[in-house]
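Trainee: Chain order of the listed sequences is A, B and C.
Take the first sequence: its letter number 294 is residue 301 in the working numbering, and every next letter is one higher.
Take the second sequence: its letter number 280 is residue 323 in the working numbering, and every next letter is one higher.
Take the third sequence: its letter number 26 is residue 664 in the working numbering, and every next letter is one higher.
Simulated from the structure, these hints should not be mistaken for laboratory data.
Cβ atoms here follow ideal geometry from the backbone N, Cα and C, with glycine treated the same way.
A hint or two may mislead.
Stated by the list, open to error - Which bits of chain B does chain C cover? Going by a derived footprint, with three or more residues having C-beta under 8 Å, they are: (1) 68-77; (2) 192-202.
As the list claims (entries may be wrong) - To give an idea of the interface, some chain B residues facing chain C are shown, with a C-beta separation under 8 Å as derived from the structure: (3) A215; (4) L221; (5) S224; (6) L244; (7) P245; (8) W248; (9) A389.
As the list claims (entries may be wrong) - Pair by pair, the computed Cβ-Cβ distance ranges are: (10) A750(C) to P165(B): 49 to 55 Å; (11) I699(C) to A97(A): 40 to 46 Å; (12) I699(C) to R164(A): 42 to 48 Å; (13) Q158(B) to L930(C): 48 to 54 Å; (14) D167(A) to G702(C): 26 to 32 Å; (15) R104(A) to I354(B): 40 to 46 Å; (16) A750(C) to A241(B): 50 to 56 Å; (17) A92(A) to L75(B): 55 to 61 Å; (18) S811(C) to I269(B): 57 to 63 Å; (19) L272(B) to A97(A): 28 to 34 Å.
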Amino acid sequence: MNSARDTAGSTTPLAAPSSTTSSVQMQQIVKRYGATIALNGVDFDLQAGEIHALLGENGAGKSTLMHILSGMTQPDSGTIRINNATVNIASPREARRLGIAMVHQHFTLVPAFTVQENLALDADVPLHALRYRTTEAAKPALDQAAALGWQLDPYARVEDLPVGIQQRIEIAKALATNAQWLIFDEPTAVLIGEEIEELFRVLRTLRDSGKGVVFITHKLPEVMALADRVTVLRRGQKIATAPIHEVNPTLLAQWMVGEAPKTQPLSESRQVLRPLPTTPAFRAENLTVLGDKGESILQNISFEVYPGEIFGIGGVDGNGQTELAETIVGLRTPKSGRLLWYEGEFRPGQHPRIGYIPQDRRRHGLALTMTVEENLLFEAVKEAKYRFGPFLRRAALHELAETLIREFDIRTPSAKLPASALSGGNQQKIVVARALHHRAEWIVAVNPVRGLDINATQFVHTQLLNAKQRGASIVLISTDLDELAALADRTVILSNHQMHPIDLIQRDATQIGLLLGGASTKETP
Amino acid sequence: MSLAKRLPAKPTPLYPLMRFLGIAFLYIIGFLILLVATFAVFGVAPNKALFALQQGALGGGPISPAYAISETLVRATPLLLTGLSIVVAWQTGMFSIGGDGQLLMGALTATVLAQLQHVVNPNLLIFLMLVCGTLVGALWGAIAGWLRVKRNVQEVISTIMLNYIALYLVGAAVVGPLQESSHSNPESNLLPDKLLFAHILPPSWSGGITTRLHSGVLLAFLAVPIVWLYLYRTLQGFQLRIVGQNPEAARAAGISVNQTRVRAMAISGALCGLAGVIQLLGTSERLSANFSPGWGYTAIPVALVGGLHPIGTLLSALFFGALEAGSVNAEQTLQVPASLIAIVQAAAVLAIIGVNAWRQRYPTELKD
Amino acid sequence: MSIVAGVLLGTLAETTPLLYTALGETVAQRSGVINVGLEGILLTSAFTASLATYHIGNPYIGVGIGLLTGIVFALLFGFFALVLHADQVVTGVVFNLFALGITGTLYRFLFALHDKSLITAQLPLLHHTVTILTPLSLPAVVFVWWWLYSTRSGLELRACGEQPLAADAAGISVRKTRAVALIFDGAMAGIAGAFLSVADSNTFVPNMSAGKGFIALAIVTAGRWNPIGCLVASLLFGFTNSLQFQAQTLGFDTLYRHMAATLHLTVFLHRLNLDHFPYQLFLALPYVVTMLILFGSSRSTRAPAALGRPYRKE
């Protein structure tokens, strides 16, 4: 059992769920989006004075379930009862009236507004209020924040504030409504180190004061550390609900995934290590990268990647992964430093051939309204062999597209369908196929299997390994340390604007924990 | 739940084509219904008016078909080119409404060059006028493109401004250095015959009347396959469309979004500049203060009805041209004002916009 | 009347409709909707205001009718933009064409065809050519400022324009808020249109708005979506427009000398004979000025982040 769990001073009753104590009960909730069933008759209940973790992978239905509870969307069928009375939560306002508040994963803050304006926006003030003062409307929320020991500057613009502080504003918003039932959606996704501990402290304080807290996550150590009970969802079904002392990480992982996660087989291929060539293919020297607002992301880092190597870059989301990726594929100019390819200058597009799998496929990867075929060909069209003067060799390109669809197992009835018609996994396969097919020498993949199911994940990983076998230099940026452990030859962690080398095989948990600042890893069984 | 949400998106391969045909059909039917209704409202006998329209567009009664069809084609020409210009710009995601300005600049350039008529060989001069007019139009478009790319100025606003600037440049020219010899009208001298496009239909075909069908019309029609080839068969066109669909993805694929946008605006401007020269040399025969009756704005419904596709725009321009030719006849014989037809056109385009938007659905993404 | 006074009065006459329209559009754009159909509203309202005054005889009622026309027009636009989620720019442009057609046709059928002109009573003049609508525009500026920055409604409205998701999460109906903003937009443009036909003149002429709706759009951007900025930019346009009208009648050289003398500047251009300077270039001047303003200010201008993007509720 994880000794980091703090039970001192808590008065958790942990009785079996009873319908007579103060509680929220969701029964047989069904929700469909078009032809997909997001929730298939899920039961869930929340008691006062408990932290209830809602665990599951991407696509399990956790957020959907809580969106229904918080009034953002309506179930197709099923009932919700609060303190034994059936309720209809038709809107977020209605949820608020019933004492339910949600702190979202993607903040619903107005970036251009000040802290005060954001808090005032959320306050329940009638439109026609003649005597309206933003400061007055924001006061309850600011008081709540102060009660938790936070000092929020009311006049700061939200877009200038770091993410951890923004989350506090969201939490203050939720508390200002005097909610009895609080829902937190992946709250640690954007936090680092002490911020996570601070959040845990807040959640425990809330629980101890008698509130019911739901905590959506996919990270097992957090569940073990924080929750009183845990419910696991998988693909829209509830798999199990149990008190925390009856479970362990392996069991939870099995419930979450349906089978023991395979971290071994892929890493075998890594054992077949040839001695690395002595000349690095890619070198970054004294690289300083700035973010979009001019903030310092990475300071003076240097690293090398060798041909036939997978170089892993880990770290909590928000430590510069995207910016670094964009820099090393040539989409972002670094503030200072040099990029070299073998002995010459790094000229993306000309010298080397690049394969880029960006973080967000919908925004950066695909043109969803264009056909699957067209999306596959973004890179290929630039090659001289597919062109005849200014014209495209359509037959050859079509053949290429068909080949890629076969090779990468992209499930689509036709290559001429718009890419939007495909599932997320298959859309990602388009992006991967495009990046890998043309014997790229320099491959940068950012969270390439995020949102994919097990089979698709294995497929993509195999493709990366194939590319490695034929000598490509690959940078794999991922927030999943297991993925890095399985695939990468060397790994570094991004944190505090620096790169820190780490050995994931002989994992020194303390060291990793210190480096990541308390972010999760899946515990080895 | 609204009605729109209950319709599933149908991703079959022929979907775009079927949708276009469906829309075209709906448009024509809806248009006719609206037209008849509007006629009735304004006290015009619908059957007489429709007949007058048909006569003007296709011939019949006292109007020979050759004449009517010539009129249709001649009137369709500027709409075709300006429509294509909109298509190219909008496929890149740039909402240009600068057609009029670019057109005027093309015509202005040609008129300025025409002053060299005594020293330069006429055929060479025509060639120069076409080329330079097109280039100046391209420049006019590129300015708006550059402002968008470098200064984040919405093209809607910058193209409108450029339209007015062009309008007043022409206005100043035709009461100043380019004014006709008697200095009484705000227009230039008539261009000499040797510089004008030939009328290609022999008068015997149209009952002795010389039709206005000129060789420039062929030039305009030639633009259709060229634009189509460019957009759908070349590398630049492909990349242009990607930029229009998802600029972020285009950037990630190594496409210079800024360059592509400016280039698209330049091509768009070039098409309108060309339109200006063709109009000058084929129909108007002189530059005047009110050279354009707003082709650049009418081009928008033309392009929309054409589904933002070059071939569709051709058909659409022909339809609009026919309507114009018909309405001129209706005005002459029945005093039905052309603006009445414009109402129905606009209303019908609104209906298209509405129907399009109503059926537009993005597949909802699965939440966690 | 001295030339300077002429220029000043002309400035007021030019500025007033621009200011009303720009104020309305500022509110609309702040809520996230871009209404390119302003030109159409101006024209249609000018027509209905004139027509109403023609039949009823009371110009105040004419202004009221113009206001109502603007609202109706805006609601129609709102249907396309907010319910159908159609592209706002395209819809606005087509609305303009529609308005052009319908006002032209109606004018034709009701007046031109019968050889009548649409001449009506005019709003009473307060001082020379100034009617009550002109000074009323100043409280309008104050009102918009107060609305946007000091009221609950304004806070919610600005949220809809910046981050509609946040507004939605706070329980605000983005659609209703934007509709209200559009209604105000239409009302203001309606007043401006009525001004053109019933205050600034006593007649309606086809296409009399002459692009003012488009200039208002530029003013909103140049004024940084801020009522005070709108006031300044509108004055600038009003001034340059007024200048060129005077130059049209007097000749540029005369005008320049008078202005310079009033302002005690040296007249170093006196040597150039500018009498034959085509006045059309002055007509172009405001647009060039706008271009320069846009050129210069767009770097630091922050448009409402969600401007022009339809918001679809889940």
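Trainee: Indicate, hint by hint, whether the structure satisfies it.
Mentor: Evaluation of the provided hints:
1. Only residues whose C-beta sits within less than 8 Å of a C-beta in chain C count toward coverage, and the segment 68-77 of chain B has 0 of them, not enough to reach three; the restraint is violated.
2. Coverage of the segment 192-202 of chain B by chain C holds. Counting CB-CB distances below 8 Å, 7 residues qualify, and the rule asks for three or more.
3. The interface hint given for A215(B) is met, as the beta carbon of that residue sits about 4 Å from the closest beta carbon of chain C, less than 8 Å.
4. A distance limit of 8 Å between C-beta atoms decides the matter here; for L221(B) the minimum to chain C is near 11 Å, and the interface restraint is violated.
5. Checking S224(B) against chain C: minimum C-beta separation of about 17 Å lies over 8 Å; hint violated.
6. The beta carbon of L244(B) is not positioned within 8 Å of any beta carbon in chain C (closest approach about 32 Å), and the interface hint is therefore violated.
7. For the restraint placing P245(B) at the interface with chain C, the shortest Cβ-Cβ distance is roughly 37 Å, beyond the 8 Å limit, so the hint is violated.
8. Because the closest C-beta pair between W248(B) and chain C is about 34 Å apart, greater than 8 Å, the hint is violated.
9. Interface hint at A389(B): satisfied, since its Cβ lies 4 Å from the closest Cβ of chain C, which is below the 8 Å cut-off.
10. For A750(C) and P165(B), the hinted distance range of 49 to 55 Å is not satisfied, since their beta carbons lie about 43 Å from each other.
11. Taking 40 to 46 Å as the suggested C-beta distance range, the pair I699(C) and A97(A) conforms, at roughly 44 Å.
12. Range check, I699(C) to R164(A): Cβ separation about 47 Å, and the 42 to 48 Å hint holds.
13. Our hint of 48 to 54 Å for Q158(B) and L930(C) is violated, since their Cβ atoms are close to 31 Å apart.
14. Look at D167(A) against G702(C): about 46 Å separates their beta carbons, and that is not inside 26 to 32 Å.
15. Checked against the hint of 40 to 46 Å, the C-beta distance between R104(A) and I354(B) comes to roughly 57 Å, which is inconsistent with it.
16. A C-beta distance of roughly 38 Å is found between A750(C) and A241(B), which places it outside the suggested range of 50 to 56 Å.
17. With their beta carbons about 59 Å apart, A92(A) and L75(B) fall inside the hinted range of 55 to 61 Å.
18. Between S811(C) and I269(B) the Cβ separation comes to about 49 Å, which falls outside the hinted range of 57 to 63 Å.
19. The hint said 28 to 34 Å for the Cβ distance between L272(B) and A97(A), and at roughly 55 Å that hint is violated.
Of the numbered hints stated above, those contradicted by the structure are hints 1, 4, 5, 6, 7, 8, 10, 13, 14, 15, 16, 18 and 19, listed in ascending order.
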